[in-house]
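Participant: From first to last, the protein sequence lines stand for chains E and U.
Numbering follows this note's numbering, in which position 129 of the first sequence is assigned residue number 120; successive positions increment by one, without gaps.
Whatever position you read off the second sequence (first residue = 1), add 7 for this note's numbering.
Since the hints were derived computationally from the structure, they do not count as laboratory data.
Remember, predicted model here, so these are calculated numbers, not experimental data.
Among the hints, erroneous ones may be present.
[To be verified] Covered by chain E, according to a simulated footprint, are these stretches of chain U (three or more residues, beta-carbon under 8 Å):
#1 41 to 50
#2 295 to 308
[As the list claims (entries may be wrong)] Below, a list of computed lysine-lysine pairs in the DSS-like style, where the Cα atoms sit at most 27 Å apart:
#3 U:Lys191 - U:Lys239
#4 U:Lys189 - U:Lys229
#5 U:Lys185 - U:Lys109
#6 U:Lys140 - E:Lys268
#7 E:Lys256 - U:Lys387
#8 U:Lys185 - U:Lys252
We treat Cβ as the ideally placed atom computed from N, Cα and C, and that holds for glycine.
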Amino acid sequence: MTVSNRMTGIIFSNMYDECFGELTKIRTAASLPFGGRYRQIDFILSNFTNAGISRVGIVTKYNYSSLMDHIGNSQEWDLNNKDGGLVFLPPFGSGKSDVYRGKLEALSNALNFLARCPEDYVVLSDANILCNIDLREVLANHIHSACDVTVVTMRAKESDGSIQSLVLDTTDGRVDTILTNYPAVAGQSVGLGIYILSRQFLLGIVRRYVAAGRTHFEADFLQRGFNNGSLTVNLWEHEGEVLFNLDIPSFFRNNLRLCDAALRKDLFNENRPIYTKVRDEVPSLYNEGCEISNCTVADGCLLSGSATDSVLFRGVTIGRGAKVTSSILMQDCIIEDGAVVENCILDKNVRITAGTQLRGSRNNPMIVKKGETI
Amino acid sequence: MNIHKECIATLLAGGQGSRLLVLTEKTAKPAVPFGGKYRIIDFPISNCVHSGIDTVGILTQYQPLELNDYIGNGQPWGLNLNRGGVHVLPPYAQIDKSEWYKGTANAIYQNIAFIERYHPEHVLILSGDHIYKMDYSEMLEAHKQNGAECTIAVRNVPIDEASRFGIMTADEEGRITKFEEKPKKPESTLASMGVYIFKWDVLHRYLCEDEANPDSDNDFGKNIIPSMLRDKCALYAYSFDSYWKDVGTIESLWEANMDLLNLRDAIDLRDPDFRIYSRNEAYPSSFISPESVIRNANIAEGCDIHGTIENSIVSTGCTVEAGATVSNSVLMPGARVCAGASVSYAIIGEDATVAENSSIGEAPEVHGDGWGIAVLGRDKSTEAGEILPAAYVR
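The following block holds chain E by itself, in its conformation from the complex:
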C-alpha cells in the first residue's frame, strides 16, 4: 500500500502535567483516568486508529510507567502491527534537565523516528483535549489548502467560559492573528492542540529552530512564522464536542458533563469508537435498594447505596446507605456503608470508611490521593 497521503501520529504525553496537581504526581497527563473507563490519551489514540494511522510515537519525559502499562502492546488500538506500530520516545541521555521546554525540543529527541517514517504527513497532538474527530478529513483539507500547517480549532461558545489556549482571529475563514495562551471569548477559534504538517517540513523546522534555541511550537514557530509572513496557516474547524481538560476544575466539570446525552453521542460516535485497555470486568451489579441517578457507570461496580450526578469508574463499590454526589470515583474505590462523598475526586483505590463524610466544593473539588484510606 502506498504511504503517500498518510500520517504518522505523535502525542505529547507530559506537556500539561503541572496543570493537574496531585492527580499527575504519579502519572502523565496522558494517562490521567477520564470518563469511567478511559485514560485521556485513549481519545487521540483512537482518533488515530479510526483514521487508519498505523504508526504512532508517544513523546514522554518522566512518570510514564502508568502510561506504558496502559498502552501495553497497543493491540486495543490495533497498533501492534508490523508495518508501523507504536513506539515510546523518551529523552536521550541522562535527562538531567527538568521538563521539555517545548514541543520542538521534545521532537528533537524524536528526530530519528521522524526521519525513518515513510508517511508523508505528521499529525501532532496533545492528550488532554478530548474530542472525536475524523483526521482523514483534516488531512484532505490540509493537502487541498496547500498551506504549511493546519491547525484544528473549534469555535468558542458562550457556555465554554474562558478557555486559555491558542486563539486564532479569522476573517472569512482566513487567519488574521495568532494569540498563544490567551483566554478565548465566544466566537473566536480556539486551537485543539492538533496540527498537521508535512513530515519533511517538520523535520527541517525542528532541526533549525531547536538549534536556534527556539523550542515552543506554538509561540516560536507558529505565531512567529505567521507574523513574519514565512508560514501559511490553514484552519480546520471541528464542529463536534470538545472537552478542554486544562486544570482540575475543568477536568472535574468535563467528567460530570458525560451525563449529557448529546455530548456522549458525539464523543462516543458509533462509527468511530474510543478504545481503551481491556480489564475483563464483570457487568456492574445493582443491588436491591441502590439508587443511581444521572451517573455514568463503568463495569465491575457493586452498587448498594446511592450515587447522583457522578462518574463511577470500573470496580467501584458503594455500600449500603452511602451517598455519593457530584463526584468522580476512580477505579476500585470503595465507599463503605453510610459514608458521604460530595464534590470529590477520589483517585484509584481510595477507601472511604463507614460513616465518614467528605465534602469539597463545585469549583474546588476535594482530591484524595491514590490508595488512601480516610
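Following the hints, complete the assembly by docking chain U onto the known chain E.
Facilitator: Then chain U, alone, in the frame of chain E:
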C-alpha cells in the same frame, strides 16, 4: 519442530443447538451471549486457561462465521501463542473423501492430525453448552493418579432429570462399571458433564476402530465409552460438585442467567483469581438517568437506561427507554426496549427491538398452564402496542 504438550483440549462446538430455537438461527450455540457480556464458549476456554491448558481446538461446522470472528487469534483469552493457542477447526476436504462431522467421535477423528502436532499424553474433550468454572488440572491429576485411560467428570443430578444425561455406575474407587447414554430408566444419578480426559494413544486407537465400523454413530457416549468399558479399559469418574448448568434449552439458559443474580456465591464471576475472559467491544460507560429505577440487576457497558429494571441481566449496548419495564428477563447485547414497553420473563435477542408500548412475556403466576420464557430472536422486533404472551417465540 517437535512440540510436546502434556494435555491439550478439544471443544465440540459443532452442534446446531436447535433447542435454543431462534437464538441459534444465525449463531452456533457456543457463541450465544450469556451473562451480560460473555458468550457460552468463554467459560470452557477460560477454564482451560486457568487450568494451564494452552492449546485448544474448537471443532465447528454449524454457522461458524460468528464463532470464527469471536475467537479470532485467541488474544482475549491470552491464547494467541506461537506454540499452541486456540484453533478453530472446521471439517475440510481430503484427498479420498470430504464429509461433515458425523458425530462427536468423528469430529475428533477428523482432527487427529491437529492433535498429533502437539504429541499430547492426554486429551481433554469439552462441550460448548455448559456454564461452570472448573480447574481441569485437578481432574487431570486424578486421571494420572488413577492410571486411568479415560476419566469422565460427573455430578449427581435429580433422578427425574437423569434420562437427559449420560448416566454411569461407579465402584467405591470411582471406577466406572456401567455407562448408559440418556437411559429411559436410569439406574443411578451420576451424570456425565460432557467433560472427558483420555489417554491419547488409547483414544486414538478407539477412534480408528470406531471409524472403521460402518454401523457406529461415531458418538462418545453411544460408541467410544461403551467399547472401552466392554474391553475393560480403566475408566474413572471424577466428581465435580460446584456450580454447573447445561444451557442447551431456553429455560435453562434463562435460569443460568438468573443464577448470576440469585446464586451469586455459587457462580461467582467476580473472583479476581478466576476471571472469565471474553472479547470486549469498545463501549463507553453506561448512563443511568435520573428517572430510572434499578433493583437487583447486572448491567454491562454501553447501556442507556431510563426505565425500570428488576431482576434482570442487561447486556452491553442495550437501551431501555423511559417508561419501559424489564423484569426477570435477559436483554442480549444491543437489545432495545422502547418507551412504555414491557419485558417480563423473556429473552430478548441481540439487536432485537421491543417496540413502543408492546409487551412480551408474562409471570408464571399470571399465565398458568403452558407457561414458558418468551423469546425474541436476534434482529427481530415486536410491533408497537403488540401483546406477546408467555412462551411466545419469534
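Participant: For the pair we were handed, lysine 185 (chain U) and lysine 252 (chain U), check the Cα-Cα distance against 27 Å.
Facilitator: Between lysine 185 (chain U) and lysine 252 (chain U) the Cα gap is close to 24 Å, so the pair holds against 27 Å.
Participant: Verify the proposed pairing of lysine 140 (chain U) with lysine 268 (chain E), using a straight-line Cα cut of 27 Å.
Facilitator: 25 Å, holds
Participant: Please work out if lysine 189 (chain U) and lysine 229 (chain U) have their alpha carbons no farther apart than 27 Å.
Facilitator: With Cα atoms ~9 Å apart, lysine 189 (chain U) and lysine 229 (chain U) stay inside 27 Å; holds.
Participant: How about the segment 295 to 308 of chain U: do at least three of its residues have a C-beta closer than 8 Å to a C-beta of chain E?
Facilitator: Coverage by chain E holds here, the residue count being 12 at a Cβ distance below 8 Å.
Participant: Between the alpha carbons of lysine 256 (chain E) and lysine 387 (chain U), is the straight-line distance 27 Å or under?
Facilitator: 24 Å, holds
Participant: How about the segment 41 to 50 of chain U: do at least three of its residues have a C-beta closer than 8 Å to a C-beta of chain E?
Facilitator: As far as the segment 41 to 50 of chain U goes, the hint holds, because 3 residues have Cβ atoms under 8 Å from chain E.
Participant: Within a Cα-Cα threshold of 27 Å, do lysine 185 (chain U) and lysine 109 (chain U) meet the stated pairing?
Facilitator: 25 Å, holds
Participant: Quickly compare the C-alpha distance for lysine 191 (chain U) and lysine 239 (chain U) to 27 Å and report which way the hint goes.
Facilitator: Holds. Lysine 191 (chain U) to lysine 239 (chain U) sits at ~25 Å (cutoff 27 Å).
In the structure shown, no violation is registered for any of the earlier numbered hints.
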